[in-house]
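J.: Each chain, written out:
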Amino acid sequence: MKLQEIADRVGGEIVGDPDIEITGVAGIREARPGDITFFANPRYEAHLRSTDASAIILSKNGVEAGSGRTLLISPNPYLAFLRVIELFAPRDYEKPRGIHATAVIGKNVTIGQSVTIGPHAVVEDDAAIGEGTRILPNSYVGFRARIGRDCLIYPNVTIREDSEIGDRVILHSGAVIGSDGFGFTKNGPRHMKIPQIGRVVIGDDVEIGANTTIDRATVGTTRIGKGTKIDNLVQIAHNAVVGENTIIVAQVGISGSTEIGDNVTLAGQAGIVGHIRIGDNVKVGAQAGVTKSVPPNTAVSGYPAREHSLSRKIYASITRLPDLIRRLAFLERRVNVLEGKPAGDPPIENGEEGDEE
Amino acid sequence: MKLQEIADRVGGEIVGDPDIEITGVAGIREARPGDITFFANPRYEAHLRSTDASAIILSKNGVEAGSGRTLLISPNPYLAFLRVIELFAPRDYEKPRGIHATAVIGKNVTIGQSVTIGPHAVVEDDAAIGEGTRILPNSYVGFRARIGRDCLIYPNVTIREDSEIGDRVILHSGAVIGSDGFGFTKNGPRHMKIPQIGRVVIGDDVEIGANTTIDRATVGTTRIGKGTKIDNLVQIAHNAVVGENTIIVAQVGISGSTEIGDNVTLAGQAGIVGHIRIGDNVKVGAQAGVTKSVPPNTAVSGYPAREHSLSRKIYASITRLPDLIRRLAFLERRVNVLEGKPAGDPPIENGEEGDEE
Amino acid sequence: MKLQEIADRVGGEIVGDPDIEITGVAGIREARPGDITFFANPRYEAHLRSTDASAIILSKNGVEAGSGRTLLISPNPYLAFLRVIELFAPRDYEKPRGIHATAVIGKNVTIGQSVTIGPHAVVEDDAAIGEGTRILPNSYVGFRARIGRDCLIYPNVTIREDSEIGDRVILHSGAVIGSDGFGFTKNGPRHMKIPQIGRVVIGDDVEIGANTTIDRATVGTTRIGKGTKIDNLVQIAHNAVVGENTIIVAQVGISGSTEIGDNVTLAGQAGIVGHIRIGDNVKVGAQAGVTKSVPPNTAVSGYPAREHSLSRKIYASITRLPDLIRRLAFLERRVNVLEGKPAGDPPIENGEEGDEE
Chain A
74 MKLQEIADRV GGEIVGDPDI EITGVAGIRE ARPGDITFFA NPRYEAHLRS
124 TDASAIILSK NGVEAGSGRT LLISPNPYLA FLRVIELFAP RDYEKPRGIH
174 ATAVIGKNVT IGQSVTIGPH AVVEDDAAIG EGTRILPNSY VGFRARIGRD
224 CLIYPNVTIR EDSEIGDRVI LHSGAVIGSD GFGFTKNGPR HMKIPQIGRV
274 VIGDDVEIGA NTTIDRATVG TTRIGKGTKI DNLVQIAHNA VVGENTIIVA
324 QVGISGSTEI GDNVTLAGQA GIVGHIRIGD NVKVGAQAGV TKSVPPNTAV
374 SGYPAREHSL SRKIYASITR LPDLIRRLAF LERRVNVLEG KPAGDPPIEN
424 GEEGDEE
Chain B
74 MKLQEIADRV GGEIVGDPDI EITGVAGIRE ARPGDITFFA NPRYEAHLRS
124 TDASAIILSK NGVEAGSGRT LLISPNPYLA FLRVIELFAP RDYEKPRGIH
174 ATAVIGKNVT IGQSVTIGPH AVVEDDAAIG EGTRILPNSY VGFRARIGRD
224 CLIYPNVTIR EDSEIGDRVI LHSGAVIGSD GFGFTKNGPR HMKIPQIGRV
274 VIGDDVEIGA NTTIDRATVG TTRIGKGTKI DNLVQIAHNA VVGENTIIVA
324 QVGISGSTEI GDNVTLAGQA GIVGHIRIGD NVKVGAQAGV TKSVPPNTAV
374 SGYPAREHSL SRKIYASITR LPDLIRRLAF LERRVNVLEG KPAGDPPIEN
424 GEEGDEE
Chain C
74 MKLQEIADRV GGEIVGDPDI EITGVAGIRE ARPGDITFFA NPRYEAHLRS
124 TDASAIILSK NGVEAGSGRT LLISPNPYLA FLRVIELFAP RDYEKPRGIH
174 ATAVIGKNVT IGQSVTIGPH AVVEDDAAIG EGTRILPNSY VGFRARIGRD
224 CLIYPNVTIR EDSEIGDRVI LHSGAVIGSD GFGFTKNGPR HMKIPQIGRV
274 VIGDDVEIGA NTTIDRATVG TTRIGKGTKI DNLVQIAHNA VVGENTIIVA
324 QVGISGSTEI GDNVTLAGQA GIVGHIRIGD NVKVGAQAGV TKSVPPNTAV
374 SGYPAREHSL SRKIYASITR LPDLIRRLAF LERRVNVLEG KPAGDPPIEN
424 GEEGDEE
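Residue numbers (this note's numbering), protein chains in the order written: chain A, 74 to 430; chain B, 74 to 430; chain C, 74 to 430.
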């Protein structure tokens with residue numbers, strides 16, 4: 074495919090020869106002659122000059138650094154690259170394959186057109202699978218679960234009974250949707266299980282990462298809003314409600330009944346306590362521990378999470394603590410002298426005698 | 074079913090018409106006319122007035138707030154609600170279903186009465202499955218594993234060889250019981266694997282969450298005491314010993330050979346180092362990093378974990394650090410002046426020049 | 074087997090009767106007469122005296138404590154114990170078992186000699202499985218995936234398309250190799266998925282824990298170097314590159330495009346941000362939050378991670394903060410008096426009025 078044809082299809086302005094032949098697509102470090110690649114991260118500027126790629130997609134900002142190379146300038150290089158990938162990347166095996174002979178399909182299951190159900194997948198009674206959806210091998214769809222159109226359920230996924238999944242949803246391997254919420258009540262020393270009779274509802278265009286777990290509600294619904302993207306190994310507890318177009322990075326934990334707004338970003342390993350509300354457009358820093366509700370349009374970080382600029386100031390101050398302790402002790406001796414008393418004990422040199430091991 | 078019949082079966086005192094017909098059970102926000110619901114959390118008091126439910130289970134404390142509604146007053150509303158759920162929630166599909174034709178059962182496997190083994194489940198040689206236990210689709214039971222009575226093994230669970238599981242145990246989807254402990258010994262630059270020939274023993278009435286991993290012992294036993302409840306995505310390392318009726322919330326990590334007592338609560342994302350002992354009735358806060366043994370009947374939190382009231386005081390103090398630095402610098406200048414020296418450099422305004430990025 | 078025969082095979086020097094008969098191997102607490110056991114951890118010195126084992130493997134350091142017992146003194150007791158385990162532990166079921174009748178094997182799959190493919194495993198078209206490799210039940214091998222020799226793939230593992238796995242690799246249950254990287258680009262309020270067309274390459278002798286997830290690269294390769302050992306529930310994001318003989322403990326998260334050197338240790342629950350480099354031989358403490366590159370041969374800990382000795386000093390100082398605040402306020406009043414002003418407000422007694430809840 075000529076570079077000009079690519080530009081016609083994905084948009085953008087060519088710098089250099091529009092007639093060169095592009096035969097593939099690759100990362101900037103892996104590209105070989107004939108490939109088109111992509112540059113966005115200034116850290117990799119050296120690769121911009123050294124790559125073997127025949128053409129490079131970039132934004133106007135990169136044009137100077139890329140001078141001498143054949144360029145495709147795009148207002149959104151990621152989006153352009155994404156479209157180029159779709160032109161080149163062969164995904165034949167993603168075609169519909171029908172229902173494999175070894176799949177086990179229960180009674181009264183509704184199956185749309187062009188559905189794929191892979192080897193050893195199990196679909197229980199009264200489930201419904203929408204048109205074009207692919208259930209890959211060894212996955213499980215529980216009783217009365219409803220899955221929308223054009224979904225992609227990777228191998229070894231578990232969708233428990235009564236879960237409802239929208240259209241174009243992607244569930245990665247090992248994800249568990251609708252596991253029991255973690256709810257018990259004390260009866261003497263013993264914890265008695267509170268049956269978890271609610272369910273999980275997942276909106277359209279949601280993506281859920283590998284080995285992520287989303288618990289069903291005790292009663293009612295654990296809800297993931299449309300367009301929200303969830304990374305791997307995330308825990309979402311019973312009755313949590315997550316808004317739309319929110320980003321939840323790997324290993325985040327959201328406790329029970331907490332509400333997360335729209336367009337929120339929860340960075341990796343953050344933890345959110347139960348029964349609070351995180352407003353729209355909030356950004357929560359990596360490893361933050363959020364202990365109370367956060368108003369919309371704010372950024373928080375640290376443990377316990379505080380407004381991000383305060384948190385940065387605090388964590389920077391902490392570095393100076395050992396010095397601070399020394400200075401305070403020194404000052405105390407000087408004030409003793411000013412007051413006409415003995416200077417007192419020498420200042421403690423550092424914090425090593427603290428209770429830390 | 075009339076409300077009076079419900080009260081007769083689950084206990085409690087009716088306020089209002091005992092003859093109203095109850096047709097279902099639902100959460101306070103989702104309930105429709107005919108449903109009985111449940112109120113416990115004062116945060117939801119507004120729902121107590123607005124719910125469409127026909128009757129509400131609550132404790133004496135809620136009676137005033139619920140005036141004008143039909144109430145079922147219970148000393149333990151959760152327990153009462155739990156029993157009501159069991160009356161109403163239809164779980165037909167949980168009946169015994171026998172051994173599915175596609176299940177693969179090894180040689181010399183002992184299978185009790187009324188056992189369910191679902192499609193594509195695999196049970197290896199010499200395993201034993203107790204009466205009434207259900208192994209759901211795509212789960213794996215290893216060689217010589219022993220599973221007690223009335224257990225519920227959800228889809229896609231892995232139980233490795235030689236594991237021993239008590240009665241009435243629930244294992245949620247993706248749980249892995251008996252994976253190898255993480256043990257290596259250096260041989261030059263290389264890490265040589267130490268074979269993990271121990272096993273996992275899980276007591277009666279234990280519940281283990283989705284995608285939780287419990288490693289087998291190097292030698293000996295990794296043990297989970299009876300009645301202990303473990304949430305999703307928890308890691309329990311080789312040779313750990315967890316006591317009875319302990320609660321372990323999502324994403325907690327327990328390192329090798331650590332002992333956790335009875336009635337302990339480990340809140341979400343807490344981490345416990347290896348080779349220590351957490352005493353009975355200890356409470357460990359969310360995200361805490363526990364670096365040394367904790368005596369019984371104490372609460373710890375923070376990183377490194379300290380006695381909870383001290384930890385709270387410390388984390389509150391941290392907020393004031395930038396202000397503290399300013400005040401100290403100001404005081405140094407004043408003492409300089411009192412000592413007849415130049416005041417010196419102006420105080421540093423805040424911590425921003427610290428090493429934090 | 075006589076103790077002398079064991080010493081001949083695994084090395085070491087006997088103290089006591091070389092002719093005693095050894096019939097098994099067990100942990101120091103579980104050992105019974107006839108067993109050989111192993112002592113390394115000084116915490117268990119009491120067990121050294123009380124164990125029922127007939128012989129004990131230990132290093133020279135333990136000889137005194139073990140006086141009166143039959144000992145096998147080894148320069149590396151772990152390694153010796155490892156070899157003894159291999160002599161005694163029966164693992165018959167690990168013999169090659171061929172391809173089970175229920176396994177589903179795609180077109181054009183290359184399968185080496187002595188391969189085991191268990192019940193309900195699925196191997197897609199164009200995959201290759203090396204000699205002696207065992208794919209256990211319910212695992213999935215994707216299109217064009219290549220697995221080397223003598224690998225052990227436990228039940229319920231997912232290996233996505235195009236993944237490349239070296240020789241003698243162990244993948245524990247629930248591990249997901251080659252799930253999509255978490256990459257999106259904004260298109261208005263919506264997050265558009267960036268297709269993840271790269272792959273995962275895993276070197277020889279790597280071990281990957283239960284429910285660990287390793288994402289495929291956006292383009293190019295996510296790489297795990299040979300000899301690296303990864304524990305359970307670890308997240309490794311797209312385009313990360315991990316060196317050789319590195320140890321990654323449970324629940325660690327490594328963000329996208331980060332490079333980890335050789336012989337690194339990442340302790341449990343540590344998080345590493347994206348696009349940085351962790352040098353060779355670095356040690357990262359448990360729960361650390363690493364926010365910038367770390368030079369080789371250093372140890373870091375804490376949040377944000379700092380050089381370990383500084384971090385220890387800081388965390389020790391923090392304990393003294395409430396006291397520090399009190400002392401500073403007291404000093405301010407004294408300086409007020411020295412300056413001839415009113416002493417002012419009494420010192421704030423502690424940090425409880427802070428913003429912590």
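Derived from the structure by calculation, the hints contain no laboratory data.
Since the model is a prediction, treat every value here as computed from it, not as a measurement.
Errors might be hidden in some of the hints.
[Said to hold, decoys possible] A few chain B residues that face chain A, going by a derived Cβ cut-off under 7 Å, partial list only: (1) T96; (2) G97; (3) A113; (4) P115; (5) N211; (6) S246; (7) N284; (8) L306; (9) T338; (10) G341; (11) S366; (12) N370; (13) T371; (14) V408.
[What the hints assert, rightly or not] Output of the computed footprint for chain B on chain A, the stretches with three or more beta carbons under 8 Å from beta carbons of chain B: (15) 81 to 87; (16) 245 to 252.
Think of the CB as a built atom: it goes at the ideal place given N, C-alpha and C, for glycine as much as any other residue.
J.: Look at each hint and say if it fits the structure.
T.: Now the hints, each set against the structure:
Nearest Cβ of chain A to the Cβ of T96 (chain B): about 15 Å, over the 7 Å cut. The hint is violated. Checking G97 (chain B) against chain A: minimum C-beta separation of about 10 Å lies over 7 Å; hint violated. With a cut of 7 Å, the hint placing A113 (chain B) at the interface with chain A is violated, because the nearest CB-to-CB distance is about 10 Å. Interface restraint check for P115 (chain B): the shortest CB-CB distance to chain A comes to about 11 Å, outside 7 Å, so the restraint is violated.
Satisfaction of the interface hint for N211 (chain B) is found here, the shortest Cβ-Cβ separation to chain A being roughly 6 Å, below the 7 Å cut-off. Checking S246 (chain B) against chain A by beta carbon gives a least distance of about 4 Å; that is within 7 Å, so the hint holds. Residue-level restraint check for N284 (chain B) holds (minimum Cβ-Cβ distance to chain A is 5 Å; threshold 7 Å). With a least beta-carbon distance of about 5 Å to chain A, the hint placing L306 (chain B) at the interface is held under the 7 Å criterion.
Of the supplied interface hints, the one on T338 (chain B) is violated, with its beta-carbon coming no nearer than about 11 Å to a beta-carbon of chain A, more than 7 Å. With a least beta-carbon distance of about 5 Å to chain A, the hint placing G341 (chain B) at the interface is held under the 7 Å criterion. The interface hint given for S366 (chain B) is broken, as the beta carbon of that residue sits about 11 Å from the closest beta carbon of chain A, more than 7 Å. A distance limit of 7 Å between C-beta atoms decides the matter here; for N370 (chain B) the minimum to chain A is near 14 Å, and the interface restraint is violated.
The interface hint given for T371 (chain B) is broken, as the beta carbon of that residue sits about 14 Å from the closest beta carbon of chain A, more than 7 Å. A distance limit of 7 Å between C-beta atoms decides the matter here; for V408 (chain B) the minimum to chain A is near 5 Å, and the interface restraint holds. Counting residues of the stretch 81 to 87 of chain A whose CB lies closer than 8 Å to any CB of chain B gives 0, which falls below the minimum of 3, so the coverage claim is violated. Look at the stretch 245 to 252 of chain A against chain B: 3 of its residues bring a Cβ nearer than 8 Å to a Cβ of that chain, three or more, so the hint holds.
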